[in-house]
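One line per chain: the protein sequences are A and B, in this order. Residue numbers for the first sequence follow the working numbering, beginning at 29 and rising by one. Residue numbers for the second sequence follow the working numbering, beginning at 1132 and rising by one.
Where hints are given, some of them may not hold.
Cut-off 27 Å, straight-line C-alpha distance, at most; resulting in silico cross-link-like pairs (DSSO-like, lysine-lysine) [what the hints assert, rightly or not]: (1) B:Lys-1178 / B:Lys-1143; (2) B:Lys-1245 / A:Lys-403; (3) A:Lys-403 / B:Lys-1178; (4) A:Lys-367 / A:Lys-414; (5) A:Lys-49 / A:Lys-32; (6) B:Lys-1245 / B:Lys-1143; (7) B:Lys-1140 / B:Lys-1191; (8) B:Lys-1178 / B:Lys-1191; (9) B:Lys-1248 / B:Lys-1274; (10) B:Lys-1248 / A:Lys-403; (11) B:Lys-1245 / B:Lys-1191; (12) B:Lys-1140 / B:Lys-1279; (13) A:Lys-403 / B:Lys-1140; (14) B:Lys-1147 / B:Lys-1257; (15) B:Lys-1274 / A:Lys-403; (16) A:Lys-165 / A:Lys-191; (17) B:Lys-1245 / B:Lys-1275; (18) B:Lys-1277 / A:Lys-403.
Bear in mind the hints are in silico, worked out from the structure with no lab data behind them. Quantities reported herein were computed from a predicted structural model and do not represent experimental measurements.
Next come the chains, spelled out residue by residue.
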Amino acid sequence: MNLKQNINPVIRDLKPSGIRKFFDLANSMDNVVSLSIGEPDFATPWHIRDVGIYSLEKSRTHYLSNSGLPELREEIVKYAARRFGLTYAPENVLVTVGGSEAIDLACRVLLTPGDEVIVPEPSFVCYEPLCRMAGAKVVRLRTRAEDEFRVTPEALEAAITPKTKLLILSYPNNPTGAILPKENAMALAAVIRRHGFFVLSDEIYAELTYGGERHFSLGTVEDIRERVLVVNGFSKAYAMTGWRLGYVMGDAYLIKMMTKLHQFGIMSAPTTSQYAACEALREGDDDIASMREEYDDRRRIIVDGLRTLGLGCFEPTGAFYVFPEIVSTGLSSEEFCEKLLREERVAVVPGNAFGESGEGFVRISYAASLENISKALERMEDFLKKIRG
Amino acid sequence: MNKVENNEKLLKQLEKNGRITGEQLASVLGESAEEIRDTIAELERDKVIVGYNALIDWDKTDRELVTALIEVKVTPQRGDGFDRVAARIYQYPEVTSVYLLSGGFDLVVMIEGKTLKEVAHFVSSKLATIDAVTGTATHFVLKKYKDKGVLFEEDPEEDRRIVVI
């Protein structure tokens, strides 16, 4: 049997990440200083882990309600109101296996073949494959360093066609560290209102903004909120990536449709994680504050360090990434990363992993110890000296 | 003199990492490296910053070292309270820390020595013989798990996540 002809052609034709080769190389080497990890370097705060352990001791090892533990959904509602001014009820919340599942569900519930989805770039790698799996066509929208990697209303207008069904926004942004302040978001809201498509707002990094400005959620904009699905989760805010727990909030009917799909595909999100997550939401605000402070310290050090090395660097005020431009080195993103890895044993991620518009940049994660950040900066200094001659 | 406004933040950074550089502190605090240096010098002069140490796990070395924690009961002295007897104790170089406590005993004294015998000898001949000391209880440290916020036994498992998108 020819397997290739018998599997779903959409999956067959999905390109595996072009930089796979680079990952394999990085993973085969020793003594690598890695600033290439897209997750917190902190362990989950102990009191949260402890509640997870306690739930196991109490034999809470069964499935939970499909849409999530009722008390967790209530805590999510309170949290979203307290931290971001979002006004949802428990029926507007579905607890998912990470934010990723929520994104997948949203795509599959909203999209039909022939629909177009506007996906800004550079951005996290999962949006395009998931949209295509749902049969939709992806329209890429380039964001630019000179716009601080924000989607502008003009660029958005230009990408819209009668087939536009969904816009995916992800701020604070992986990989650029960009944020979308309120006035910029409101300008986009006007366009969204006029054209009437849906918005999937991936706000997984919402807690990680620096410089005083809190994340502004499009889910708070009254006259478009029924068309906005807000995705968030516990991974980045509470350093809980391995617990695989996220949620989506939005119109009750949309949530109901997504719950139907979730029920068949997943049953319910991990039970231990849901109990731990209740603790995170009730008692975790201080953990967020102290981790954010720590990230902010490192952010300042690495941005100053990169600028001292002469790498153009847009000031990132969200997530835990810096996205310096490396065009001045005369190397492509992949060449830069591969050479830096081979010659100086520093791992950073080529910008083009996040879409073609990421070419000319590299993503550097500062979710790493100060010691490793300093070491990486020293090694990069040597590297750049050699390249510049 | 140039001074950093936010001393508390500066001190917290140094407490966490005594080896952080002036340049790094300048980035974190948004001040110039010169201001940072001047401020640290002043804090050192004022004895707000009283010293810098490395945290060493001597168990991983060949050095023989015994640490003991000694509860000490003391009769306070008229006029000086506990300070004078504390001073008599902390002058000994083998004493690494002395704290005054509330509760069932008065002072806790940390002592380092080469052997159990040496520490026991110190307690019986030097500490217990001080007039104001009315009683001691010596606890030998068997293992240090965490000190000054730092874990001594990190998870030995190697982290193989080099790249995560």
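Checked hints:
1. B:Lys-1178 / B:Lys-1143: Status holds; Cα separation ~15 Å.
2. B:Lys-1245 / A:Lys-403: At roughly 37 Å apart (the allowed maximum being 27 Å), Lys-403 of chain A and Lys-1245 of chain B break the hint.
3. A:Lys-403 / B:Lys-1178: violated (31 Å)
4. A:Lys-367 / A:Lys-414: At roughly 11 Å apart (the allowed maximum being 27 Å), Lys-414 of chain A and Lys-367 of chain A satisfy the hint.
5. A:Lys-49 / A:Lys-32: OK: Lys-49 of chain A and Lys-32 of chain A at ~23 Å, within 27 Å.
6. B:Lys-1245 / B:Lys-1143: Given that 27 Å is the threshold and the Cα spacing comes to 34 Å, the pair is violated.
7. B:Lys-1140 / B:Lys-1191: Violated, at roughly 33 Å.
8. B:Lys-1178 / B:Lys-1191: Given that 27 Å is the threshold and the Cα spacing comes to 33 Å, the pair is violated.
9. B:Lys-1248 / B:Lys-1274: Given pair Lys-1248 of chain B, Lys-1274 of chain B holds - Cα atoms ~18 Å apart, limit 27 Å.
10. B:Lys-1248 / A:Lys-403: violated (44 Å)
11. B:Lys-1245 / B:Lys-1191: holds (15 Å)
12. B:Lys-1140 / B:Lys-1279: holds (18 Å)
13. A:Lys-403 / B:Lys-1140: holds (24 Å)
14. B:Lys-1147 / B:Lys-1257: violated (35 Å)
15. B:Lys-1274 / A:Lys-403: violated (32 Å)
16. A:Lys-165 / A:Lys-191: holds (9 Å)
17. B:Lys-1245 / B:Lys-1275: This hinted pair holds, its Cα atoms lying about 17 Å apart.
18. B:Lys-1277 / A:Lys-403: Measuring from Cα to Cα gives roughly 26 Å; hence the hint holds.
Violation of the numbered hints given earlier is confined to hints 2, 3, 6, 7, 8, 10, 14, 15; the remaining hints are satisfied by the structure.
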